[in-house]
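Asker: Each chain, written out:
Number of protein chains: 2
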Amino acid sequence: MSEEFKIVWAEPLTDFCQKVFEKMGIPAKDAFTTAEVLVLADLRGIDSHGVARLRRYYTGLKSGVMVPRPEMKIVHETPISALLDGGAALGQVAGKRGMEIAIEKALKNGAGFVAVRNSNHYGIAGYYSLMALKQDLIGISLTNSDVYVVPTFGREVMLGTNPISVTVPAMGERPFVLDMSTAVATLGKLEVYSRMAKKLPLGWVTDEKGWSCDDPTRVIANIRSKAGGGILPLGGEGEEFGGHKGYGLDVLVDILCGVLSGSGYLNLLYPKTPEGKPLPSLVAHFFGALRVDYFRSVEEFKRDMDDLIRRLKSSAKAEGQQRIYIHGEKEFELEERYRKEGIPLYYKVYEDLKAIGAEVGVTF
Amino acid sequence: MSEEFKIVWAEPLTDFCQKVFEKMGIPAKDAFTTAEVLVLADLRGIDSHGVARLRRYYTGLKSGVMVPRPEMKIVHETPISALLDGGAALGQVAGKRGMEIAIEKALKNGAGFVAVRNSNHYGIAGYYSLMALKQDLIGISLTNSDVYVVPTFGREVMLGTNPISVTVPAMGERPFVLDMSTAVATLGKLEVYSRMAKKLPLGWVTDEKGWSCDDPTRVIANIRSKAGGGILPLGGEGEEFGGHKGYGLDVLVDILCGVLSGSGYLNLLYPKTPEGKPLPSLVAHFFGALRVDYFRSVEEFKRDMDDLIRRLKSSAKAEGQQRIYIHGEKEFELEERYRKEGIPLYYKVYEDLKAIGAEVGVTF
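Residue numbers (our numbering), protein chains in the order written: chain A, 15 to 378; chain B, 15 to 378.
Hints should not be assumed to be uniformly reliable.
One copy or two, either will do: identical chains are not told apart, so a pair holds if it fits within one copy or between any two.
Think about it this way: if two alpha-carbon atoms lie no more than 25 Å apart in a straight line, the pair counts; the simulated DSS-like pairs of lysine-lysine are [said to hold, decoys possible]: (1) Lys203 <-> Lys76; (2) Lys203 <-> Lys240; (3) Lys87 <-> Lys20; (4) Lys213 <-> Lys76; (5) Lys37 <-> Lys212; (6) Lys37 <-> Lys362; (7) Lys316 <-> Lys87.
Keep in mind the hints are simulated off the structure, nothing from the lab.
Please construct the entire structure, taking both the sequences and the accompanying hints into account.
Answerer: As structure tokens, then:
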């Protein structure tokens, strides 16, 4: 492991984050959940959504736009659905509650769908959909997010990288865990290229004019200042490689989250006062859980899932390739390794955590 | 309009197809449904799934692998779900019944999900999801299909172009109608390039070795003979542009259709006898319908849908672009035009329809 990294273990890291959140006035249980979501991202190799984001939550809580003891309430409820108001909670807290409700309803009535409004960034989408697997349910987790993505033929960032996560249980094989942004790349990846002064592959982003561009630093600055251009939807520029499909999936996620919950959508997630002071965010989520045995026996279903997975994995590889992956597989393997060998944290992140710890009085 | 095309009107075309199906022993109502699905594809510009496919169904019915008067039955049922056995019906007949059940259940209990097994190719996915809009429901339609697509890092066609269609009602604006294959391109598009002796964009397909390739004729032949290579998932080759995401969506559709229904999946959709004689197909579908008012008022939801659509459409265009589209918009405009001006059918298709008509005794 290079000198750039500091190895840390999941348990003390979670413990540290939990204590920081508790110092910010968050009840122990919610503080643990939030810490757990962050550390799971690092364990699964999605470090852009891991503890590197602690400062963002710390700042949000300090400024008052995120609420440590929110009044979450169910606004509307049926046997298979709920609309949950997050009350400006941390996204992890509102998200976990939302998915719990979806699971409860699915266990009782076959399906549960929960739209969550007035929430915040909830970390990795997969944390919530993974919760469904313990009960052999199919799990769904979607969220809208800050706008980095331009619509097909557009030049203005109007959409988040709005992820889709769906989990499906298997028997002997690892479960199928799709957890994908609907954009061709993430801002985190652009930042890696920028740090390495590397050019981007053409088809990831566009410049101020809405044209293909390979300069990560310029595009990141443009996204931040809303100068025009941004990340392209999955499928890339225009329609030649199906960019309109990624754009469609991106909009669909925003509809099921932002519109169905009556929260913010498109570029309306982060409102401000006329003086430019941030107001509580209008981020929204959508969770779903579906019982397999409402269609066929869980045993038979999981046996066929194993068969599907094995057939895919053992199918012929492209020349030069050794392996065909199932979704979630790489992340499960990384998680096992990092739990054993520790998580490699960037020194910069490690130092930042220590600084936050010093500010609130928690030793790392 | 070029000499290559013959203009035909939707109504007599539907009528002709219905009569052909009736001659094949299909009851009038089912014959009309099937004809309607085919002609709607032509009206919406998806001519690869239109009346050009009439011969496929004609042949399937003649050979006995498609059944004109199937015994469709509900194998398992709950207030929000059903497993429907298509009994080797035409996919359009089993599909419409499946979506009707999903809609009935959603109207009564908020959500309805129907998995359909032992069916056939059902035409355009959008036909079924569009049915949900009349009742202000969110509609979902998925199907698996014959294998043309290679998994990421694979060289063997293991997946269909498995489409996802989701419809969402709006108020003054046209509804959102996503209807997309999960592959970067369709076989129909490859055939167009092949006919025009045009090279394919790199990133659409791979050759026998699993490497990027621009020769449509060779790839079509390889797909048909299963010689290796095929169409790439949405996102293209490898993981650089998110090909693993399209691959994941493609697998997800197969899970919800083939595995959840206990039908065929991957390359198991078209079984044969040991002598190579085709057996009834194991194509499977998944339909869903969801009530908006189980979350919030339909009026408010549709008003926000209009707002989302208008904000997207009026956002800044990339230089050189005049218009940002919402999903379904192009197809609605084409449908309006073709209903007024007639559908341009390829002469080859027109002549084939006439030939089928002559065989069964129906004048076109």
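Asker: If a hint holds in the structure, say so; if it does not, say that too.
Answerer: Now the hints, each set against the structure:
1. In this homomeric assembly, Lys203 and Lys76 never come within 25 Å of each other (Cα to Cα): the closest approach is 28 Å inside a single copy and 55 Å across copies.
2. Taking the shortest Cα distances, Lys203 and Lys240 sit within 25 Å of each other inside one copy (19 Å), while across copies they are farther apart (37 Å).
3. For a Cα distance limit of 25 Å, the shortest separation of Lys87 from Lys20 qualifies neither inside one copy, at 41 Å, nor across copies, at 61 Å.
4. Proximity of Lys213 to Lys76 under the C-alpha cut-off of 25 Å is found in neither arrangement, the shortest distances being 37 Å within a copy and 58 Å between copies.
5. Taking identical chains as interchangeable, the C-alpha atoms of Lys37 and Lys212 are never at most 25 Å apart, the minima being 40 Å within one chain and 65 Å between chains.
6. Proximity of Lys37 and Lys362 under a CA criterion of 25 Å is satisfied intra-copy only: 23 Å inside one chain copy versus 74 Å between copies.
7. With identical chains, the CA atoms of Lys316 and Lys87 are at most 25 Å apart between copies only, with a shortest distance of 24 Å across copies and 36 Å within one.
Comparing the model with each earlier hint shows violations of hints 1, 3, 4, 5; every other hint is respected.
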